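Novice: Just so you know, the protein sequences line up as chains C and Z, in that order.
Quick note: the first sequence uses this note's numbering, first residue 29, plus one each step.
Quick note: the second sequence uses this note's numbering, first residue 25, plus one each step.
Hint data in this document are derived by calculation from the structure and do not stem from the laboratory.
Just so it is clear, the structure is predicted and the values come from calculations on it, not from any experiment.
Check the hints yourself; a few may be wrong.
What the hints assert, rightly or not - DSS-like, lysine-lysine: derived pairs with alpha carbons at most 25 Å apart:
(1) Lys161/Z <-> Lys31/Z
(2) Lys40/C <-> Lys149/Z
(3) Lys31/Z <-> Lys149/Z
(4) Lys171/Z <-> Lys183/Z
(5) Lys171/Z <-> Lys157/Z
(6) Lys149/Z <-> Lys137/Z
(7) Lys183/Z <-> Lys40/C
(8) Lys40/C <-> Lys137/Z
(9) Lys171/Z <-> Lys126/Z
(10) Lys183/Z <-> Lys137/Z
(11) Lys183/Z <-> Lys149/Z
(12) Lys183/Z <-> Lys31/Z
(13) Lys126/Z <-> Lys40/C
(14) Lys161/Z <-> Lys171/Z
(15) Lys40/C <-> Lys171/Z
Said to hold, decoys possible - Calculated from the model, a selection of chain C residues having no Cβ within reach of chain Z, i.e. all distances over 10 Å:
(16) Gly58
(17) Gln85
(18) Leu94
(19) Lys108
(20) Ala122
Even glycine gets a Cβ: it sits at the ideal position worked out from N, Cα and C.
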Amino acid sequence: MSWMPEEERNAKLDALFSEYRAAVPDLEAGAGFMPGLWQRIEARRAGNLFIFRRLAQVCAGATLALAILMGVYLIPHIEKSPVITSSYVDELAADHPNTYVDILTGDMK
Amino acid sequence: MVQAYRKRILGTIARLIGRPEDVEDVGQEVFLRLYYSLDQLRTSEVFEPWLYRLTVNAAYDYLRRQRRRQESRMSDLSEQQVMMADAAAGGKRSAEDQRRTKIRERVESLLGKVSEEDRILLMLKEVEGLSLKELEKIYSVNENALKVRLFRARQRVLKAFEAEGD
Chain C
29 MSWMPEEERN AKLDALFSEY RAAVPDLEAG AGFMPGLWQR IEARRAGNLF IFRRLAQVCA
89 GATLALAILM GVYLIPHIEK SPVITSSYVD ELAADHPNTY VDILTGDMK
Chain Z
25 MVQAYRKRIL GTIARLIGRP EDVEDVGQEV FLRLYYSLDQ LRTSEVFEPW LYRLTVNAAY
85 DYLRRQRRRQ ESRMSDLSEQ QVMMADAAAG GKRSAEDQRR TKIRERVESL LGKVSEEDRI
145 LLMLKEVEGL SLKELEKIYS VNENALKVRL FRARQRVLKA FEAEGD
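Kindly produce the complete structure, drawing on both the sequences and the hints.
Specialist: Right, dumping it as structure tokens:
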């Protein structure tokens, strides 16, 4: 190992870096560079579309499953609840069937 | 944009990853990332540092992948097979190629004395010739911190340089 002053060492290292820069120059891209790049862009785009399509399918499936579950759970409950088939007046008449007739005929006591 | 920058970017990648056969692949990855993130760019002034950041990140990703692959590949080859492959490749090269290879190997061995992050930082500063201001924009780190990091990395490389002599 030989000792050298720091300045000299720095200069030699800088020279080595310059030689390295010259030894590995900038590269000209090959003919397949641009077509390959576009292919990758298209592939990524197609990949993104696939993901969105899949996500939409999953969401639609989940919605359908939820609708079916709600239907299965709610329909029997709706059927059990009392069903109103007559109006308020009909109900009153049913509760007091003869009162009005009795008033008219004077049988009211 | 690709036409204007590809030569420079491919050269930088070649120096960062040290494997000419994979340069175009990493270069395509850089421009692919650029294509999909161009709308995030706020001003045109930061375009170049930003492109360099994409380049550095793609080079990191490549080197990480490569390290993993190499570990599994090298374990499959015996030492003798590796030496025979090296000798066969060396025999085909011209004298100029051999000189370049020697320089490349020497610099790569020297830069191997520092971490991968510092190696790339040193390469950008010393070989690519980027200024501290440009590096500050690329790394989003304060200039003084960069100076300290660069100084320490360079000192380590200098020590190795002196140790191996010239």
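Novice: Look at each hint and say if it fits the structure.
Specialist: Verification of the hints:
no. : hint                  : verdict
1   : Lys161/Z <-> Lys31/Z  : holds (22 Å)
2   : Lys40/C <-> Lys149/Z  : holds (16 Å)
3   : Lys31/Z <-> Lys149/Z  : holds (19 Å)
4   : Lys171/Z <-> Lys183/Z : holds (18 Å)
5   : Lys171/Z <-> Lys157/Z : holds (11 Å)
6   : Lys149/Z <-> Lys137/Z : holds (17 Å)
7   : Lys183/Z <-> Lys40/C  : holds (12 Å)
8   : Lys40/C <-> Lys137/Z  : holds (18 Å)
9   : Lys171/Z <-> Lys126/Z : violated (29 Å)
10  : Lys183/Z <-> Lys137/Z : holds (10 Å)
11  : Lys183/Z <-> Lys149/Z : holds (18 Å)
12  : Lys183/Z <-> Lys31/Z  : violated (33 Å)
13  : Lys126/Z <-> Lys40/C  : holds (16 Å)
14  : Lys161/Z <-> Lys171/Z : holds (14 Å)
15  : Lys40/C <-> Lys171/Z  : holds (21 Å)
16  : Gly58                 : violated (6 Å)
17  : Gln85                 : holds (24 Å)
18  : Leu94                 : holds (35 Å)
19  : Lys108                : holds (57 Å)
20  : Ala122                : holds (73 Å)
Of the numbered hints listed earlier, those contradicted by the structure are 9, 12, 16.
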